[in-house]
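Q: Here's the letter readout for the chains.
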Amino acid sequence: MEDLKATPLRARHEGLNALMAPFGGWLMPIQYQGIIAEHKCCREQAALFDICHMGEFLFKGDIEAGGLEDVFTFSVKGIPVGRSRYGFLLNREGGVIDDLIVFRLAEDEAMIVVNAATTPNDFAVIGSRLKNPALLTDVSAATGKLDLQGPLSREVLVELLGAGIGSIPFFKFIRTSILGADAIVSRTGYTGELGYEIFLPAQKTAELWDLLLKDPRVNPAGLGSRDLLRLEMGYSLYGNDIDETITPLAAGLAGFVNLEKDFVGKEALLRERQQGAQKVKVAFRVDSRRAPRHHYEILREGAPVGTVTSGAFSPMLCCGIGMGYVRPEAAEPGTRLVIRHERVEMEAQVVELPFYRGGSLRG
Amino acid sequence: MAKFFTKEHEWVEMDGAQATVGISGHAAHELGDITYVELPKIGKSVKQFDTLAGIESVKAASDIYAPVSGKVVQVNERLEDTPELVNESAEGEGWICRLDGADAAELGGLMDAAAYAQYLKGL
Numbered sequence: 039m040e041d042l043k044a045t046p047l048r049a050r051h052e053g054l055n056a057l058m059a060p061f062g063g064w065l066m067p068i069q070y071q072g073i074i075a076e077h078k079c080c081r082e083q084a085a086l087f088d089i090c091h092m093g094e095f096l097f098k099g100d101i102e103a104g105g106l107e108d109v110f111t112f113s114v115k116g117i118p119v120g121r122s123r124y125g126f127l128l129n130r131e132g133g134v135i136d137d138l139i140v141f142r143l144a145e146d147e148a149m150i151v152v153n154a155a156t157t158p159n160d161f162a163v164i165g166s167r168l169k170n171p172a173l174l175t176d177v178s179a180a181t182g183k184l185d186l187q188g189p190l191s192r193e194v195l196v197e198l199l200g201a202g203i204g205s206i207p208f209f210k211f212i213r214t215s216i217l218g219a220d221a222i223v224s225r226t227g228y229t230g231e232l233g234y235e236i237f238l239p240a241q242k243t244a245e246l247w248d249l250l251l252k253d254p255r256v257n258p259a260g261l262g263s264r265d266l267l268r269l270e271m272g273y274s275l276y277g278n279d280i281d282e283t284i285t286p287l288a289a290g291l292a293g294f295v296n297l298e299k300d301f302v303g304k305e306a307l308l309r310e311r312q313q314g315a316q317k318v319k320v321a322f323r324v325d326s327r328r329a330p331r332h333h334y335e336i337l338r339e340g341a342p343v344g345t346v347t348s349g350a351f352s353p354m355l356c357c358g359i360g361m362g363y364v365r366p367e368a369a370e371p372g373t374r375l376v377i378r379h380e381r382v383e384m385e386a387q388v389v390e391l392p393f394y395r396g397g398s399l400r401g
Numbered sequence: 049m050a051k052f053f054t055k056e057h058e059w060v061e062m063d064g065a066q067a068t069v070g071i072s073g074h075a076a077h078e079l080g081d082i083t084y085v086e087l088p089k090i091g092k093s094v095k096q097f098d099t100l101a102g103i104e105s106v107k108a109a110s111d112i113y114a115p116v117s118g119k120v121v122q123v124n125e126r127l128e129d130t131p132e133l134v135n136e137s138a139e140g141e142g143w144i145c146r147l148d149g150a151d152a153a154e155l156g157g158l159m160d161a162a163a164y165a166q167y168l169k170g171l
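In the order they appear, the protein sequences are chains A and B. The opening residue of the first sequence carries number 39 in the working numbering; numbering runs sequentially from there. The opening residue of the second sequence carries number 49 in the working numbering; numbering runs sequentially from there.
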């Protein structure tokens with residue numbers, strides 16, 4: 039526990055009696071009043087998450103001449119200024135080093151937002167792929183990040199920050215001033231609801247947190263509910279559902295890979311596309327309230343075909359839901375599976391993602 | 049009727065040879081939001097400390113062990129659709145099942161409420 043990093047909001051979480059636990063090298067709030075209550079708050083009102091643990095890098099320079107264009111599975115110069123794009127940093131075998139979002143801040147400026155646990159390695163890898171590593175700065179420690187997610191998040195933020203927030207479309211952002219400091223408000227998230235990710239100087243985070251929590255429509259939510267929310271949408275969690283041994287093609291995320299452009303790992307993906315993947319991502323619904331969990335075994339017609347990578351009880355569907363990797367023949371929607379762990383056994387059926395389709399995401 | 053507790057946080061309340069079984073309020077709190085209770089089959093016979101049932105929360109899946117030997121004669125069917133009842137009233141309406149043919153002598157190996165409270169302090 040000694041080496042865990044703390045966000046600027048640690049004292050706030052402790053003051054709220056949050057259950058704290060390590061996540062990606064950080065001491066993070068898992069829940070305040072309860073995971074299911076916080077999940078419901080996000081689906082019905084507005085939930086506030088401390089996401090200061092995630093990493094942010096700033097790139098300044100010509101996107102193409104500086105080498106950033108060839109780093110990710112998508113084109114950075116193709117992102118219009120004011121928009122962001124989701125995709126991957128791959129190794130030579132096509133495995134996912136990280137999944138991330140690039141924000142095009144200006145013609146010659148981009149912000150890269152990465153996962154917490156992978157931040158140091160990402161910074162080294164991206165730097166090594168640039169013409170000049172000095173074009174990239176790690177601004178993670180100086181940058182605070184709060185996510186406000188839920189169907190009421192827009193009206194809450196409009197009242198607090200002004201009408202300009204109200205017209206930000208999905209995967210677009212604005213640069214604005216919050217509490218006298220430069221900030222970015224982005225219409226992105228990890229919950230399937232209408233929501234915003236707010237980037238601002240770390241030392242202003244607590245003040246904004248307090249201000250948002252004064253609003254009776256807003257409740258704090260921890261990483262426990264965030265995990266349920268993202269799983270109901272079928273979003274991958276780095277380290278569980280994707281890692282360096284899994285390609286975006288196997289993970290069913292080919293839509294975030296542009297094979298028309300150059301990037302490290304492209305040859306491996308072209309080979310995989312030709313030969314077909316050994317294992318592919320599968321999503322399944324359990325017949326009961328029973329929850330599949332990470333590492334549970336997946337069987338089809340009595341034979342092992344794969345492993346669960348994420349699973350939970352879904353409060354919206356009122357049943358167990360999960361994702362995992364199986365042999366391609368077991369991934370067809372409608373296929374009957376059995377999920378097993380020691381004496382626990384549950385029947386499930388392969389479904390298409392997302393599990394939950396009622397969210398306000400694009401509202 | 050007095051409750052007796054196991055080290056694994058089950059409770060049992062005896063009425064003659066019939067025993068009502070549940071998990072302690074402490075265990076329910078530690079599990080967090082309970083999402084599923086695997087009720088035992090009626091007619092199942094268990095020996096003391098055998099696996100009796102299962103319980104799942106958003107955080108974990110655990111076994112529930114029989115605090116005394118007996119045969120399952122009744123289960124709390126309300127838990128099938130409202131397992132959160134265990135969070136709300138672990139030592140009351142959130143009981144799990146009833147066992148018949150239980151032997152009060154087995155309570156000797158369990159803790160009474162005062163001893164269990166003391167045990168929790170030491171955890």
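Just to be clear, a hint being listed does not mean it is correct.
[As the list claims (entries may be wrong)] With a cut-off of at most 35 angstroms between alpha-carbon atoms, the simulated DSBU-like pairs for lysine-lysine come out as follows:
no.: 1; chain 1: B; residue 1: Lys-95; chain 2: A; residue 2: Lys-78
no.: 2; chain 1: A; residue 1: Lys-317; chain 2: B; residue 2: Lys-107
no.: 3; chain 1: B; residue 1: Lys-89; chain 2: A; residue 2: Lys-78
no.: 4; chain 1: A; residue 1: Lys-78; chain 2: B; residue 2: Lys-169
no.: 5; chain 1: A; residue 1: Lys-252; chain 2: B; residue 2: Lys-107
[Said to hold, decoys possible] Selected chain B positions facing chain A (in silico; Cβ < 8 angstroms):
no.: 6; residue: Tyr-84
no.: 7; residue: Pro-88
no.: 8; residue: Gly-91
no.: 9; residue: Glu-104
no.: 10; residue: Val-106
no.: 11; residue: Ala-109
no.: 12; residue: Ser-110
no.: 13; residue: Asp-160
Simulated from the structure, these hints should not be mistaken for laboratory data. Since this is a predicted model, take the numbers as computed values, not measurements. The C-beta atom is built at its ideal place from N, Cα and C for all residues, glycine as well.
Q: Hint compliance check: list the failing hint numbers for this structure, sorted ascending.
A: As far as the earlier hints go, 1, 7, 8, 12 and 13 are violated by this structure, in ascending order.
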